[in-house]
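S.K.: Respectively, the protein sequence lines represent chains A and B.
Under our numbering, the first sequence is numbered contiguously, ending at residue 119.
Under our numbering, the second sequence is numbered contiguously, ending at residue 530.
Hint data in this document are derived by calculation from the structure and do not stem from the laboratory.
All values derive from a computational prediction rather than experimental measurement.
Treat the hints with care, since some could be wrong.
[Unchecked claim] Here are the simulated distance ranges between beta carbons:
1. 52/A with 406/B: 44 to 50 Å
2. 413/B with 90/A: 21 to 27 Å
3. 44/A with 368/B: 35 to 41 Å
All residues carry an ideal CB built from backbone N, CA and C; glycine is no exception.
Read off the chains here:
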Amino acid sequence: MTRITFLLLAALCSPSVLATTVDAYEADPLTLLDEHGKSQGRLPVKDAPKPPLQVLATHPNLDQVQVELGGRKVWLDTMDLRLSEGKIVTTPCESLPISQKADTRNASTIGFGSGCSKP
Amino acid sequence: MSAGTVRDRALHTSLCALACLLLGGCGTLKGADAAFMNLVGPSTQSQVKGRYLDTADVRQYYRLDPQRVSAQRLSYDGMAVPAGEIRQHNVVLIPPLQTYLQGIVGRLGKGWPGELPALQVKVIDSYGFGPSADPYGNLFVPLGMLDNVQSEDEIAAMLGHEMSHVLLHHHDRRAAFQQQNAVLSNVATSVVLATMIADTGVNRSSGSLKFISKDPQGMQKTVGNTVLYTALVNSFSENIWSTAWGRSQEDQADLLGADLMIKAGYAPRAASHSLQRLSDFQGKQKSLLGSFATQRKEAMQASLQNLQVDRLVKEVEVTLNQGLATGITAAGQYFQRSHMSPLDRDTELRQYLQRQYDGQRRAPVNADYWQRLRASSAVAPSLQAYKDAYAATVALEQKKLREAQLFSDRALTSAVRDQPGIRRAAFSVDMAQGKRREALSELQSIKDWSLASPELYDLMIAHHLRNDDPRAALALIAQAERTLGSEELFITEKLAANQRLKDDAQVKLLARKCAQYPTRKDGCKKLLPA
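Excised from the complex, chain A in its bound form:
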């Protein structure tokens, strides 16, 4: 086994992937995909196992995750799912210095979302 293969396997089996779960279905029916993102059919949510489901592998470029449905490994689009680990920011609001948390805006602006609760 080459070193690169070992590293790839290690990455796939890393705790972050294994710790991720599908917490909810956000579409009905679900579209079943192959590893290249090609549709393999649809599955009504009523026929799918109840979440949470373990994510077995991820395909970040295609925004897909692999799960096991009824004993079969399939790929699902993350748009159809609520994952335990979503997209993140490197500077969460709580970690901003006080001066940035206060982060005054002009009173007339409407923002994408409010800031964090001040300590």
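Got chain A; can you put chain B on it based on the hints?
M.R.: Chain B only, in chain A's frame:
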């Protein structure tokens, strides 16, 4: 159809009819009725039939009102922007980035079927995540957003959302509260009375007039929620209403933003990505409405004890009181439901996309171009300089002076070293070490004051006045007025500078103007002889 559904529809109809009646002819209050329904009814997104962009609600904004545009331009160019509405941050200027972001807005704007107002992207020196928009068409993009988004599609999603606030005139909400608070309370009061009348019968069998509820159980929920909300609006004013209204505006901007980005060929899943990042940025917080309702619950119950009008309405009041007492728990769900959270916005948006854009919603994002631009030699070093300046500020707050100095020094080697944000950080580092002269020279090194925040102007103008250099102070005040569009902001300092120059005509003129600004007039009065 269940009795509950019929009742909900009847309530919806009566609320809308009443709200429309009461709000008729009141342009600034457009959307207040929808906001009410957003609180007591289903979500904005789930009520939209078809694509939001094509709905009658949006079509009314296709045509620009020339008077409105001209009034806004006059305000912005004519120094009449209220002090509270002026941007607070330093602006960042990295030309290739500016062109790129403005290009995205242009591309999104082509999908707007109506007339497009002037929209101007301004990158601001802030490590918050969310962009914002003002009524003058300025779209503020914080560096923290650019640091975190991973694709052009994500940027388009967030800019599309902000553009939508401008296109849908959402800033009128503020004006509405300033001008029409009393009308809002009347709407709420009328709504609850109408609900009560619709659901209340009169029992004369006992020989005396007695009001009864036709459907006590069914009415409990609707009345409970309506009464609770009305009590909040009446007793506790605009706070909760404004929040609810803002919530419904965010939903609308999510919908229109998604429509615009899809028309421009962007991948709508990026809107979901940005909402997930917003959720991560904000962390888990209690619902604003939830905590507000909890705080006010006891106050509300106390206020109810004072609801004594006369004997005739007493039975109604009893029902009202019971409705409120029993409804508090049930109504709490409306205030505490996580509809406020970015993740719920995300869920609602995904359902909308599945309904309206099933073919497009799986389109992949294209991360390449944005990541190449961000890493390019024309952009990356400048972004890094701002990160270093930010790190210097963080280090200062942690009392790590040496570290702060190193970060600041590094920022000062960049191409953007003479921009206000970088010099502001250096100023703070020098001041923390007691180097006042060096700190001042940091401010004097700022090349383009059109990028500066009011705070920086304030620092420098105060320095000129302290140094008895009123001409320099006036020159900078003139620059601040041009840049920030407000004469109000530094009118006190302007008066002081003219006094030093013994320009009596100007002093008289400024004193008259100053008296018109409630938050400034006292400051000016102190300067003037009794």
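S.K.: With reference to the structure, classify each hint as holding or not holding.
M.R.: Verification of the hints:
1. 52/A with 406/B: 44 to 50 Å: 46 Å, holds
2. 413/B with 90/A: 21 to 27 Å: 23 Å, holds
3. 44/A with 368/B: 35 to 41 Å: The hint (35 to 41 Å, Cβ to Cβ) holds, given that residue 44/A and residue 368/B are roughly 36 Å apart.
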